[in-house]
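Number of protein chains: 2
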Amino acid sequence: MTAKPAVQALLFDVFGTVVDWRSSIIAELTQFGARKGLAADWAAFTDDWRGLYQPAMEEVRSGRRAWTILDVLHRESLETLLVKYKITGLGEADKAHVNRVWHRLKPWPDVIEGLRRLKTRYIIGTLSNGNVGLLTRMAKNAGLPWDVVLGAETARAYKPLPAAYLASAAVLNLEPAQVMLVAAHNGDLAAAAAAGLRTAFVARPAEYGPQQKVDVRADRDWDVVADSFTGVAVAMGC
Amino acid sequence: MTAKPAVQALLFDVFGTVVDWRSSIIAELTQFGARKGLAADWAAFTDDWRGLYQPAMEEVRSGRRAWTILDVLHRESLETLLVKYKITGLGEADKAHVNRVWHRLKPWPDVIEGLRRLKTRYIIGTLSNGNVGLLTRMAKNAGLPWDVVLGAETARAYKPLPAAYLASAAVLNLEPAQVMLVAAHNGDLAAAAAAGLRTAFVARPAEYGPQQKVDVRADRDWDVVADSFTGVAVAMGC
Chain A
3 MTAKPAVQAL
13 LFDVFGTVVD
23 WRSSIIAELT
33 QFGARKGLAA
43 DWAAFTDDWR
53 GLYQPAMEEV
63 RSGRRAWTIL
73 DVLHRESLET
83 LLVKYKITGL
93 GEADKAHVNR
103 VWHRLKPWPD
113 VIEGLRRLKT
123 RYIIGTLSNG
133 NVGLLTRMAK
143 NAGLPWDVVL
153 GAETARAYKP
163 LPAAYLASAA
173 VLNLEPAQVM
183 LVAAHNGDLA
193 AAAAAGLRTA
203 FVARPAEYGP
213 QQKVDVRADR
223 DWDVVADSFT
233 GVAVAMGC
Chain B
3 MTAKPAVQAL
13 LFDVFGTVVD
23 WRSSIIAELT
33 QFGARKGLAA
43 DWAAFTDDWR
53 GLYQPAMEEV
63 RSGRRAWTIL
73 DVLHRESLET
83 LLVKYKITGL
93 GEADKAHVNR
103 VWHRLKPWPD
113 VIEGLRRLKT
123 RYIIGTLSNG
133 NVGLLTRMAK
143 NAGLPWDVVL
153 GAETARAYKP
163 LPAAYLASAA
173 VLNLEPAQVM
183 LVAAHNGDLA
193 AAAAAGLRTA
203 FVARPAEYGP
213 QQKVDVRADR
223 DWDVVADSFT
233 GVAVAMGC
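Chains A and B are the protein sequences, given in the same order.
The end of the first sequence is residue 240 by my numbering, with every number in the run present.
The end of the second sequence is residue 240 by my numbering, with every number in the run present.
Bear in mind the hints are in silico, worked out from the structure with no lab data behind them.
All values reported here derive from a predicted model rather than from experimental measurement.
Be a bit skeptical, because a hint or two may be false.
Pair by pair, the computed Cβ-Cβ distance ranges are [unchecked claim]:
no.	chain 1	residue 1	chain 2	residue 2	range
1	B	P111	A	A41	23 to 31 Å
2	A	A208	B	E177	35 to 43 Å
3	B	E81	A	G198	27 to 35 Å
4	B	G35	A	V218	54 to 62 Å
5	A	E177	B	Q56	27 to 35 Å
6	A	K215	B	E81	55 to 63 Å
7	A	E177	B	S64	27 to 35 Å
8	A	T82	B	Q56	32 to 40 Å
Virtual Cβ for every residue (Gly too), placed ideally from N, Cα, C.
Same shape as in the complex, but just chain A (with noise of 0.2 Å):
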């Protein structure tokens, strides 16, 4: 029986994980719309928003269509909203601005304290559909101190698909087992384990607001269960 080699890097899933996408989006919406003298469900077009990022990441995933980065799933999907909203009148700037609402996520309360302290003893990155331009800018906008920013682009492939964890394990010349994901996902930490790398759920109950179903605890014992990333530090001796 062999050991597994110590772990060298945590890489984080970063929508719902990292970032809260769904309050800072009705947030930001809200306060759009009240600018522009628009009015709409803003939690409904926020939840719709995020309900187009499978399919529109399924039609890449499964060869369907060539390579496209979510930033123009995010503005295909946006475009999809305003006719279904009949929200009419915004120019390119405004609706490029409104795009880039994804780079503007906020994190959750506990993550810079965890990151910082994960940060003195592992490799902490990214992995993550976001494209790297998307992620080095919201990283930037709040303050997140990644080593290193993985996107879709380093496997050109969208989790759950093998090649996205295990592209992210290569380019870091480190074995699968030697990385660890942090997920408030089941569905990315199965995926993920079955490549390789080791486990780490973080409960986000509120990811997808009050009436939240999925995801609200770990299914599998997988090697850390917390609910911060405060906790994932001291599971990981930080």
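With chain A held as given, fit chain B onto it using these hints.
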């Protein structure tokens, strides 16, 4: 006549521009040799090691050799030099440790302050022939506060091939003219300029030791010419 777009990102050549590879390696090999009872002209050994860098990359650039990362090229060169310098008796762990000296290079004295100032206003990152794993570990060891680590894997092309510059701008979702390359090497800047990037020269007249003949000064009217990273920061309004 169209005005150039504003610079959004400063990307840095690393070996020689950010870190003083020569002094760092000589110092470490001297200590290592003393500890192991090995005698050699470590300055000559270091210069030879760097001397094998361009020929090794040229095998890959030319297409004669499949894509290979710098950690591997450095290791092959190290093996060559251990034979040349008749250094025997090193085991795998010793050789791996010595090869990772490239992960432990020290920055020039002006680097950290200059980067911290530039980071307040621009995306700062690497645009290096180093692999991402090497650059990430170097940054952690040296405290380099990069927003994003872009290595040779970003384009799978070694500078000065145009793809290396163009892919680094593209992965940040920027036009080439929105990116400035900072380098101590006129040839690197010439290739960047030909690809449409902005250019900043920082003189590192002792990179190759006291006898340095090349790149002691800017040989063209680059967008910025400075003798330190703090000088670049001042020129860029930081």
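Determine whether the Cβ-Cβ distance between E81 of chain B and G198 of chain A falls within the hinted range of 27 to 35 Å. 30 Å, holds
Kindly confirm whether 35 to 43 Å is satisfied by the beta carbon distance between A208 of chain A and E177 of chain B. The hinted range 35 to 43 Å holds for A208 of chain A and E177 of chain B, with Cβ atoms some 39 Å apart.
Would you say the C-beta atoms of K215 of chain A and E81 of chain B sit inside 55 to 63 Å of each other? Check passed, 58 Å falls within 55 to 63 Å.
How does the Cβ-Cβ distance of T82 of chain A and Q56 of chain B compare with 32 to 40 Å: does it lie in that range? About 51 Å separates the Cβ atoms of T82 of chain A and Q56 of chain B, which means 32 to 40 Å is violated.
Given a hint of 27 to 35 Å, does the C-beta separation of E177 of chain A and Q56 of chain B actually sit inside it? 31 Å, holds
E177 of chain A paired with S64 of chain B, Cβ distance criterion 27 to 35 Å: 31 Å, holds
Does the beta carbon distance between P111 of chain B and A41 of chain A stay inside 23 to 31 Å, or does it fall outside? 57 Å, violated
Check the following: the C-beta atoms of G35 of chain B and V218 of chain A are separated by a distance inside 54 to 62 Å. 58 Å, holds
Comparing the model with each numbered hint stated earlier shows that hints 1, 8 do not hold.
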